Every structure is written in C-alpha cells, then in structure tokens.
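Novice: Take a look at the letters that make up each chain.
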Amino acid sequence: MSVQSEPVQTFTPGEFHRQAHDALGNPQIRSNFRKAMDGLMAKRRDVFSDWDLEVLRDLGANIRMRALAKLPDLLEQLEANCQANGIRVHWAEDGDEACRIVGEICEARGAKAVIKGKSMVSEEMHLNEHLEAAGIEALESDLGEYLVQLNRQTPSHIIMPAIHLNTDEIADIMHDKTGIERTRDADAMTAAARLQLRKRFMNADVGVSGVNFAVAETGTLCLVENEGNGRMTTTVPPVHIAVTGIEKVVEHLRDVPPLYALLTRSATGQHVTTYFNMIGSPRKPGEHDGPEEVHLVLVDNGRSRIYQDDELLDTLRCIRCGACMNHCPVYTRVGGHTYGTTYPGPIGSILMPHIMGLEATKDLPTASSLCGACGEVCPVKIPIPDLLVRLRKESVGEGRGNVAGAGTKRSKKEAAAWKAFQWLATHPFVWRVGTSVAGKLRALTPSRLGVWTDYRTAPKPAGTTLHALVKRHQANKTHGEDR
Amino acid sequence: MSARDAILKRLKERSDGPLSVPESDFSVVTHRGWSREERLERFERLISSVHGEVVHTTSAEWTLALAEVLQRKKIRRLALGRDHPVAAEAREALGDAEVELVDVDRDIESWQREQFETVDAGLTSTRGAIAETGSLWLWPTADEPRQISLVPSMHIAVLDAERIEDTFFDVIENNAWAGGMPTNALLISGPSKTADIEQTLVYGVHGPRELVVLLRHPREPT
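These protein sequences, in sequence, are chains A and B.
Residues 1 to 483 (the numbering used here) are what the first sequence spells out, left to right.
Residues 1001 to 1222 (the numbering used here) are what the second sequence spells out, left to right.
These are calculated hints, taken from the structure and not from any lab test.
Incorrect hints may have been included.
What the hints assert, rightly or not - DSS-like cross-link-like pairs, simulated, lysine-lysine; straight-line CA separation at most 25 Å:
no. : chain 1 : residue 1 : chain 2 : residue 2
1   : A       : Lys177    : A       : Lys199
2   : A       : Lys471    : A       : Lys460
3   : B       : Lys1009   : A       : Lys70
4   : A       : Lys381    : A       : Lys393
5   : A       : Lys393    : A       : Lys413
6   : B       : Lys1073   : A       : Lys70
The structure displayed is predicted, hence computed values, not measured ones.
Same shape as in the complex, but just chain A:
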C-alpha cells in the first residue's frame, strides 16, 4: 500500500466562486455536510445545557486574552521550562522554516518513516509534501486524516477531516487503497485501519503531533484526542516533534480546564474526550518507554503580524474547535474544500488572509451572510463577524492597511458609485427628486446586473417611494379620524 502515488486534490481560495458552484451542485456533498452539521449543532446544544455557558465563555475569552497580553513573556517562559524538562525548542518564522526544522531533526536520526497525529499547523506548513520530497514517508494516523490522505485529499474540517465522505465512499477508499475486502461496516473498517496503523506506529522513526495548549508555567504540551493515535504518536516512536502556532500558549496549568471544557463541548458536543495527554518531558533515566527526544517547534507564519493590531488580535484567541464552521450557513452548504485553505469556514476566512495575503483570499471575508452565528457560538468570544467586516474593509483599502494585500479588491468604479450614493443620501432634495425619477423610469432598469443577477432577479425601484407612501398613509389616517 502506498499513499504517495497520485497528486493531492487541490482547491484554491482564488477559485472560491467556481468551487462553491461545484459544491452546491453536488448533492452528495450537500447531504453529507447537512447531516453532519445538524448533528453537531444539536450535540453541542445538549452538552452545554447544564452549564452557565456565558460565564464559561467569558472565562475562556479572558484566559486567552491574558495569554495574548503576556505572549512574548509566556513564550520565553515556555521555552525555558520546556528546556529545563529536556524538551528542545525551535522557532520558525514561517511554514517553510518549520518544515526545514522538522526535516533536519528527521535527517539527524536517519528517519525514513514519520507517523503523524492530527495537526492543523502541519497542514498549514504543508509538512507532508515537504517530507515526501525529502524521501521520508509521512503517514497520518488519525482515522479521518488517514482516509483523506489515502484519498489524496486535504481535510475538509479542522476536527473531522473526512466529514465530506460518506460510508460508501470510505468503503471504496479502504477497499481500493488498502486492499481490504469491501465492507460498509464502520466497525470492520475501523478494525482494519487499526491493524494497518499499529504496524506503522511500531516502525515509525519519528512521531509528529500538534499541540492544543502549551502551558508556560510548567513547560507542558497538552493534546486532546479520542482515538489514542495522539498518545501512540507521542509515546511509541523514539522521537516526538510537536509543532504549534506561537499563540497556543497559556499562562498557568489552571487555565487549561476551562479551555478544555469549552473545546470538547464546542467541537463535538462531548463532555470530555477519551484522552487528555499532557507531555512533560522525554523519557527520563530509569523510565522504560516514551520518546528519547521531544522537540517543540514554535511557528509564527503571520501570527506576530496579526498580533500588532488591537482588533485583529482577537483572531489569535482561537482554540480550533470548529464550532464556527459547524454553525455557518455558508460552510454547511459549500463544505470545507470550497474555501481552498487549510482552515475553512469563518475562522479560516479571518485567519487565512493573514497567512496567504488578501490578494489570494479576497473572496473569503465575503463568503458570509454576517448572520452572526459564528460569533455567538465561539467559545472564546472572537467577534468573527466584526473581523470579517474589517477584512472586507481592508480588501477595498478602507482599513488600516495592516493586512498583506490590503486594497487588492478596490475598484475605482465601485468607490465612485458609493461616493455618489453617499452624496445623494446626504442631500435630501436631490435624493427625493432622484428616487421619484427612478420610480417613474423603473421599466428601464436592466435585467442583468453583473453577478448579482446570476441567482437573483434584478431589483426594480418601487413606483412610489417609501416617503410618498408614508405621507399618503398619514394623510388617509388624518382624513379618516376627521370623519
């Protein structure tokens, strides 16, 4: 079995509109996501029912804000405590540098096989491609990630990577790519994957994982998971490399329980995950298992730039639960691949522009109806709708210019049109004459108005303005009362 034969299916944020069109026309995608997201929303609602959710969310937001307020100090503290525990700490400006660091650690050990626990930062870095190019096999061990990798795809959801696939499709993948007898039975397929991957855990030279929380005061790396692949990845191979964004640090150990409570409940509606794995150090003298080396790679990749701006800073509070996508009416319909970015959905739309620049991601902040659901469910109260609006402003050059590619969407025509509208709307006499004329000439309104009319009929100005209607109504009322 090889997982490296065909090229990975690619989507790009630059093709958002075409990809959305394709996804919307794909009944399989529509029903897979609809079913999954409806279930997740209901489970989340139920699991929080006996909690004072607002108080807990306030605490979660507060812990993340405190961590960000002290970020540089906490990173230094984390580094010092990890080093004191025997964990080697590396820093990377961007994904490429982080890949190089991981590659060098592998090379130093003569590693040929890397087993991976689920890590979105490693997806962001494109670590698998990098390692493959260096002749090192990188195998995903989270069942969903494994399926997606076998299918030469990328995750469509940050928590449930294979949510776009249904049982039949997965049965095909397991049969075609791993050679097992075709079955639709989830137990049998899981058992097969268990057997296949256990061999890989045993033979892996290096385990690569992400980090959910990095605790500064103790130098502890926390991982949240259900499958046990995270524990396997961080325990069985002789080397463990944890990769994480620099924002994942928290100050105290006691900051962890509220965030963990929010994370599992918001993500999958579970009151707890099977494993909460806290890694303190490599194997100590006298101990009989665990990795001999533990490395922590701290990845910036645009985060320190987001950090500069008071409003954008809130983006970095994220604990990667995925609740915003589960509740997003756009994500639910178009699915994760449509966004063409590592992180899809609302959080991706406010994060990816900083990682890839607004030029490449200019359609993402507008891929939202601004209904506000994402902000309402966010466990750390990130004002996602406000940040979407902010990025829309940045993309047309009306913001502070703090985002790479700001102004990329600015069109002279559009700017002039809004300028003209602003002038009209602040000059009542011209406005009234204008709207009255527009009403009389309504028959002349063109029926095609660019992309707007691709899915909608063109709006026609009303024959009578609202102003006139109100006036007439009031006159009738007065008249009626006189009688």
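Knowing the structure of chain A, use the given hints to seat chain B on it.
Specialist: Frame of chain A; chain B shown alone:
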C-alpha cells in the same frame, strides 16, 4: 537575527502598544459541592456513557474482582508493574491463576512487538478521578509505564472511591500539579473511539477497545 529573536522582538514592540491583563474568575469550573454519593454516581454514569465498565469492589477483595474480570474477558497475558501496591497485590493474588503476568520493568525497545501483538490487557493504578467528566487520572511511572494503558486491547484501572474529586480544576489545584509535572500526565475517559466514518461511533481504534475500572470502596458498598 534568529527567528526566535525576530519573532519575540515583533511581539514585544507591538505597534498598537501594550495590552491590559485581565484577572480571571475560575468559580465556574470549581465549587461543585457534591457529596461522596453524588461524585460516585456522576463518575460512574459518565464513564459508562462512553463505554467504560465500572466494577464495584472493596479494598480487601478487589483482587478477586480482578481475577473474575480476567476470566470473563478471557485474558491470557496481563502486563503489570511490580512495586506499586496495586501491582504487588495483583501479582500475589494471581500467582496461581492461569493468566500469564508480563513484566513491564524493561526497556520497551526489547519487547515493543511483544507488547503490541501478544499482550491482552494492561493493569494500572490510578491517582484519582474526576466526577464531572468521568475521567481517570494517571501519572505513568517507571513501574507502570505509559504504554500499558494504551497498547494492549484492554486497560484495567484500579481506582479508590475516595480519590474521586469534583472537577479537573479541583484535581489540578488540590494536588498542586503546577508544583511538579511528571513525564506524562493523562486523563482517560473510556476506551479509545472514533466517529470519523460518517459520524458512526466506533470504540477501539488505536488505543484499548475496552476499559474496565475496578472501583474500590473502603468496605462493602451498601
């Protein structure tokens, strides 16, 4: 400049200036005020809801319960420690039983394959548990290494009823975790599971397929 220094410099010289540091009120994750019975009931209900099997026993007779579980589950090879009282008592009690006791006080490199392929169950002590979420608290040691609660198909954990605390926050605070963390600290809530195949819940993925908790009461439960 190194990446480290460049990143820290940018963070320290933040263009919108220093940020204010909020105070945190943790009361929402502590002060549950549950009675012993409520803790027990909650722990059992929650860990059972994720397929953890709770076997009630007493501190005096727990090895009988262990032997019964081993027989019922057809365990032939059991990995366990040596020095911890749980391991020591189990070894003594199981001396004549049919189950083969597998020593774990040897470097894993010498028996990795053996553990993956031939050990049916791992027995461990626990440091405590959390009522709110139905979670076991384990700090693996040289005597009871990390893999025996992970690699064998079944994990049997011994828990004393009075060691159940209300919340995770309480466990961290009451036991002064921040004062010294071990190589690996674990919360375990049920056997390993996945829902990655169209949200169908399946128990037993990479970790144990079964988790049995021998819950030891000081005396016969009433």
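Novice: Indicate, hint by hint, whether the structure satisfies it.
Specialist: Going down the list of hints, with the structure as the test:
The straight-line distance between the Cα atoms of A:Lys177 and A:Lys199 is roughly 17 Å, inside the 25 Å bound, and the hint therefore holds. Restraint check: the Cα-Cα separation between A:Lys471 and A:Lys460 comes to about 21 Å, which is no more than 25 Å; the hinted pair holds. About 13 Å separates the Cα atoms of B:Lys1009 and A:Lys70, which keeps this hinted pair within 25 Å; it holds. The hinted pair formed by A:Lys381 and A:Lys393 meets the criterion: a straight-line CA distance of about 21 Å does not exceed 25 Å.
A threshold of 25 Å between alpha carbons decides the hint, and for A:Lys393 with A:Lys413 the separation of about 16 Å falls inside it, so the pair holds. Between B:Lys1073 and A:Lys70, the direct Cα distance comes to roughly 52 Å. Violation of the 25 Å bound is thereby established for this hinted pair.
Hint 6 alone, counting from the list given before, is not met by this structure.
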